[in-house]
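**Student:** If you're matching them up, the sequences are chains F and X in order.
Quick note on numbering: the numbering used here labels position 191 of the first sequence as 191, and the sequence is numbered without any gaps.
Quick note on numbering: the numbering used here labels position 172 of the second sequence as 172, and the sequence is numbered without any gaps.
This list has only true hints and no planted wrong ones.
Which chain X residues stay away from chain F? Per the calculated CB distances, all over 12 angstroms, these:
(1) ALA18
(2) SER48
(3) SER54
(4) MET78
Heads up, simulated DSS-like pairs for lysine-lysine below, C-alpha to C-alpha not over 30 angstroms straight-line:
(5) X/LYS172 / F/LYS172
(6) X/LYS49 / F/LYS59
(7) F/LYS136 / F/LYS172
(8) X/LYS74 / X/LYS172
(9) X/LYS74 / X/LYS49
(10) F/LYS136 / F/LYS59
(11) F/LYS49 / X/LYS59
(12) X/LYS59 / X/LYS74
(13) X/LYS136 / X/LYS59
(14) X/LYS172 / F/LYS136
(15) F/LYS74 / F/LYS59
(16) F/LYS136 / X/LYS136
(17) F/LYS172 / X/LYS74
(18) F/LYS16 / F/LYS49
(19) X/LYS172 / X/LYS136
(20) X/LYS49 / X/LYS59
(21) X/LYS59 / X/LYS16
(22) X/LYS136 / F/LYS172
(23) F/LYS16 / F/LYS74
(24) X/LYS172 / F/LYS74
(25) F/LYS59 / X/LYS59
(26) F/LYS49 / F/LYS59
(27) X/LYS74 / X/LYS16
(28) F/LYS74 / F/LYS49
(29) F/LYS74 / F/LYS172
(30) X/LYS74 / X/LYS136
(31) F/LYS59 / F/LYS16
Derived from the structure by calculation, the hints contain no laboratory data.
Cβ coordinates follow ideal geometry from the N, Cα and C atoms, glycine included.
2 protein chains.
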Amino acid sequence: MGIQGVRSQRQLSSEKTAAILAGAMQQFLRYGYAGSSMDRIAAAAGVSKATVYSHFRDKEGLFAALIQQMAVEKMALMDREHFGEGSARELLQRILAQGVGQLEEDDEYGAFIRLIIGESGRFPQLARLFVENISKPGVDRLTQLLAAHPQVQCSDPEATARIVIGAVVHYKLIQDILHGRDIMPLESDRIIQALVNLICGAPAQVWPSAGGSRS
Amino acid sequence: MGIQGVRSQRQLSSEKTAAILAGAMQQFLRYGYAGSSMDRIAAAAGVSKATVYSHFRDKEGLFAALIQQMAVEKMALMDREHFGEGSARELLQRILAQGVGQLEEDDEYGAFIRLIIGESGRFPQLARLFVENISKPGVDRLTQLLAAHPQVQCSDPEATARIVIGAVVHYKLIQDILHGRDIMPLESDRIIQALVNLICGAPAQVWPSAGGSRS
DNA sequence: GTCTATATCACGATAGAC
DNA sequence: GTCTATCGTGATATAGAC
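I would like the entire structure built from these sequences, with the hints used as guidance.
**Tutor:** As structure tokens, this is what we get:
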């Protein structure tokens, strides 16, 4: 099903290939798979429709190649980051601020997530590719980071990592992808602070006695 | 844009209307908006295509009516629940177990979420309808519950509620909607327990002294 | 390799009989 | 109100010139 055999279509001009993929990205991200036409993709790429079919077997092959390319791109965004030194609280805060900020400024990322989820019924293998190359590496990295800092109070780092990632992704989902910013307004700092406080303990623990942590 | 004026189309037979909506649900949930055809919807409903057009103005009107109906249905699932008495930990655990269990057994719910997200670019008003009638009430209820139990250690109940809901929704998203169960296996109890421990403190609080809440 | 032109078909929406 | 039949359009994919 199209996921294999993408590389075998690449030994062509590779100048037009990039243009076609760019046009396909613009259309697929905006209109979804079934809502995009090969005519408009060719027009957006600045080539004829026959050229598209000389570079990719059919619409499904083009779509699979695009998703694969975007998965590699978005995966690379995360791998290069090093988060320096500091306490667990500082480190976690830095990671979350960087992740949320990147997610908020990258409009394309939201459209990509929308596309993957929307087509996950028709293209389950591409959805799995997203999980394997994007979701899992992110959760794994955070899991190792939580496990490496024993001062954080969590007995299950893997489940905790998924909670953190899930909270951030869901925030992006409601705020941007589902256009809920006016209905459920919430500053991203509130999410970040609440997450850090949950995992590292409340910040201003005035009385370390039995009281609690109300402001 | 179709969201209004749905009721005005209802004073018809209302026998066929239900059949059409059922057929539309089957098709739209499976193939998305652009991937569904009015011919197959009519066939799935057991009526002719002209009958569909006598009950709904066009494809967009039918889609909007279906989303509206499903939003009301799924909203009603949550409103009727009463969670009895008990400590904050017991209460939260009961709520999460009930919510996750309902989300896991209801295949239709996953397909509905996939559809809403996938079409949120083309139909932003329907996405907002989902946020307003499904997401917001759930978060609001959990927020009030967290705020009503001062023994839970959270200074921002609203942000905390969104973290909890986000973790659960993201779990459903990865496991079922994106077919990642084999790639990132995780028992739902692990998520529930980790959430409860984060919010209510670790379970075995042997010494309630200055130590904090390490396990 | 890339184009224009075309084959073939399914789509949304409607007309008109009953 | 519901059906059959159909109109016009735009879809995927290909043929053949250059």
